[in-house]
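J.: Go by the hints and put chain B onto chain A.
Protein chains in written order, with my numbering: chain A, 157 to 527; chain B, 1090 to 1368.
The set of hints was computed from the structure by calculation and includes no laboratory data.
This structure is a prediction, so every number in the text was calculated from the model and none was measured.
Each residue gets a CB set at the ideal place from its N, CA and C atoms; glycine is no exception.
Honestly, I wouldn't trust all of these hints.
[What the hints assert, rightly or not] Not the full set, but computed from the structure, chain B residues with beta-carbon under 7 Å of chain A: (1) V1245; (2) H1248; (3) P1271; (4) R1293.
[Claimed, not checked] Taking lysine to any residue and the SDA-like style, the derived pairs with C-alpha atoms no more than 20 Å apart in a straight line are: (5) B:K1322 <-> A:H478; (6) B:K1217 <-> A:R350; (7) B:K1279 <-> A:K321; (8) A:K321 <-> A:E254; (9) B:K1217 <-> A:H478; (10) B:K1110 <-> A:Q342; (11) A:K330 <-> A:R350; (12) B:K1322 <-> A:I488; (13) A:K512 <-> B:F1321; (14) B:K1217 <-> A:K321; (15) B:K1217 <-> A:D305; (16) B:K1322 <-> A:K330; (17) A:K512 <-> B:A1254.
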Amino acid sequence: MGYVGVKGGSDAIMNADYLVEYYRCRNGGIPIAIKQIQDQMRLLVDKVISEGSLYSREVAAIALKQSEGEPMEAAYLVRAFRSTVPRVCFSIPAKSSEMFCIRRISSSFQHIPWGQVLGPSRDYTQRLIRFELKDEQSFINDPPKKEDDSPLDEPVEKVVDYLRKQGLMETPVKDAQKIPYDITRQPMVFPMDRSARLQRLTRGEDGAVLAFGYASLRGWGSVHPTLAEVRVGYLPLKIKHPYWKTEVTVGHVMVTEVESICSFEKTVDPKNGKESYVFTLGYGLVFGHNDRKAIAMSILDRALCSEIPSSPIEDQEFVLHHIDNMESQGFISHLKLPHYVSFQSALDRIRSIQAKMREAAADKLQGAGHV
Amino acid sequence: MYNFALLDENSKREIRRALLKAIAIPGFQVPFASRELPIFFGWGTGGLQITLSVIGKDEILKVFDQGDDDSVNAVNLKRLIQLTTGVSITTETHIATLLQTRHRIPEKRLRSDQVLVLQVPMPEPLRKVEFRETETVRMHAEKDYGKMFVKLYEDVLHHGEITLASDYPVIVVDRHLMATTPIPRWDVPKLNQADNLYLFGAGREKKIYAVPPYTQVTPLSLDDYAFRMEDFKGAACVFCGSTHAYLNEIPAPGGGGQAHACSDTNFCHGNRKRQVIEK
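Chain A extracted, bound-state conformation:
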């Protein structure tokens, strides 16, 4: 009688570890340099810092190297690392008008102050495979030259602020007393606070955020926005100095920010009770350069403001529970674990029910025989 269960766990795991390492660098190649990943896999690194929710391009690049370029696995590694690091402090709310933009477009107005800046965008490239990259001999290494003498660090006015000044756009009421929710330190409780919702969304898996946003656009939801602005750039992060209590810039994070103009709604001014109509806003902000995710996030932000959900995309529990890469891939993968005990229990039930049915059928047959 041969009993073949999953035994010898330690040996099997060690061999699997060895094989993973072998596959990572097999075929005699040169191990890829972290700097190469950071520089030349820029958008992949961006995806990992966004889902990993830790702004360290270096940690993300190491994680990508370790996971053979698998972004979900890399993001998982980053998040797990994040759990071992204490939270030091909150930053001062960042003003995105202070962002140093490398890209900034609007699809609601053609002529916007400071103009439309495409930046490093693939939007208008042809998606043709460039086979010359197979053996790249010459490549661009020099940044483009600046052609005028306009200042680069001037704050760039936001399109939504232009609309706000005209009373056309909702102005979120800021509660100065309220400390933003921290989903990494506080439990997930529904209905979720907007600050918590935005955090769940920005850490969300790229594909999941995209799919849910797309569903809303197709009609499984009512949000179909016009983009006030998409900006990509470096946002200064400031904290209050622990001793001097002054503002200090501790660094810059590369982010993509989207403000979506959504359908208009009737509002009542809390001060004078006057009724009016204003556009509603959807907001998206993600680490790194990722227009697609930030746009989809802005749709979902708006969709989740619905008090009475009319579609799954407007339902906080449906969207926010299922959007996280760590939770979804972990649970789907757990199906690979042994389920011998619970399956045995299910076998017990099905056999018992089958036996009952057979008995009942036999009784019926016997009963028919007597007649």
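T.: Just chain B now, with coordinates in the frame of chain A:
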């Protein structure tokens, strides 16, 4: 490089606070801000976070998966805990002070100085009848478990008996409906009036709950359809011959006939060792 038991001290303290609340309200699910661990969500991160938060340097730890100490995931969890704490590891149920399990409670009755941590995939027993969290929270608050009884009734109506297999729901101290993680029905009576403390952790679903020692735990049933454990009808373990243990069946090649083996490997080894000594 990493802190003792991996997590930072504030995180561990937060989890211990959730545990204290859970022990104070047996069977109630306490939400907590679950951390991402170097193990996948769904692979025991809830249990692991509890273990890492309560573990001390002198602990003797046992981790087993579906009753088996040598199952790959149990081994992997032990590797991580040992790497970050350096505690001693055992497979012997009676030696361990802290035990972490997936889907089984040991056959040997645990003592009051032992703590069993259970890994929970789906902490919400009402999820079978209600998918919305805001609604299940209300149902627990109002002890509104009617839908669950309707499910049992419909089971009997359609199939002639209760079809719930593992993860059989229980009522704790006549108040909270609680999911049993999926342990088999065989293990459910062990929760009632136990000598030891049970801690339940659901990492992905971010909930912690507990059954303290000497707590009344009653499986859900109908007056005329009682709770029943798995029936192994005269089957015995091929290794130790036990007929009083949860058995996993071993399909024979070609599909004819079945053999069985104990799911609790340490229990099985103990029986065999005793048999050798007796001989």
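J.: With reference to the structure, classify each hint as holding or not holding.
T.: Structure-based check of each hint:
A distance limit of 7 Å between C-beta atoms decides the matter here; for V1245 (chain B) the minimum to chain A is near 11 Å, and the interface restraint is violated. Of the supplied interface hints, the one on H1248 (chain B) holds, with its beta-carbon coming within about 5 Å of a beta-carbon of chain A, less than 7 Å. Because the smallest distance between the Cβ of P1271 (chain B) and any Cβ of chain A comes to about 5 Å, under 7 Å, the interface hint for this residue holds. Because the closest C-beta pair between R1293 (chain B) and chain A is about 5 Å apart, less than 7 Å, the hint holds.
A threshold of 20 Å between alpha carbons decides the hint, and for K1322 (chain B) with H478 (chain A) the separation of about 42 Å lies outside it, so the pair is violated. Among the hinted pairs, K1217 (chain B) with R350 (chain A) is inconsistent with the structure: their alpha-carbon atoms are about 29 Å apart, more than 20 Å. Between K1279 (chain B) and K321 (chain A) the CA atoms are separated by roughly 67 Å; this puts the pair beyond 20 Å, and the hint is violated. Simply put, K321 (chain A) and E254 (chain A) have alpha-carbon atoms about 19 Å apart, close enough for the 20 Å limit, and the pair holds.
In summary, the hint linking K1217 (chain B) to H478 (chain A) is supported, as the alpha carbons are separated by about 18 Å, within the 20 Å threshold. A hinted pair counts as satisfied when its Cα atoms are at most 20 Å apart, and K1110 (chain B) with Q342 (chain A) qualifies at roughly 15 Å. Taken as a hint, the K330 (chain A) and R350 (chain A) pair is honoured in the structure, with Cα atoms around 12 Å apart against an allowance of 20 Å. In summary, the hint linking K1322 (chain B) to I488 (chain A) is not supported, as the alpha carbons are separated by about 35 Å, beyond the 20 Å threshold.
A threshold of 20 Å between alpha carbons decides the hint, and for K512 (chain A) with F1321 (chain B) the separation of about 16 Å falls inside it, so the pair holds. For the suggested pair K1217 (chain B) and K321 (chain A), the alpha carbons sit about 51 Å apart, so the restraint of at most 20 Å is broken. At most 20 Å may separate the alpha-carbon atoms for a hinted pair to count; K1217 (chain B) and D305 (chain A) exceed this at roughly 66 Å. For a cut-off of 20 Å, the pair hint linking K1322 (chain B) to K330 (chain A) is broken: about 67 Å separates their Cα positions.
For the hint linking K512 (chain A) to A1254 (chain B), the alpha-carbon distance of about 16 Å falls within 20 Å, and the restraint holds.
Going down the numbered hints, you'll see the structure goes against 1, 5, 6, 7, 12, 14, 15, 16, while the others check out.
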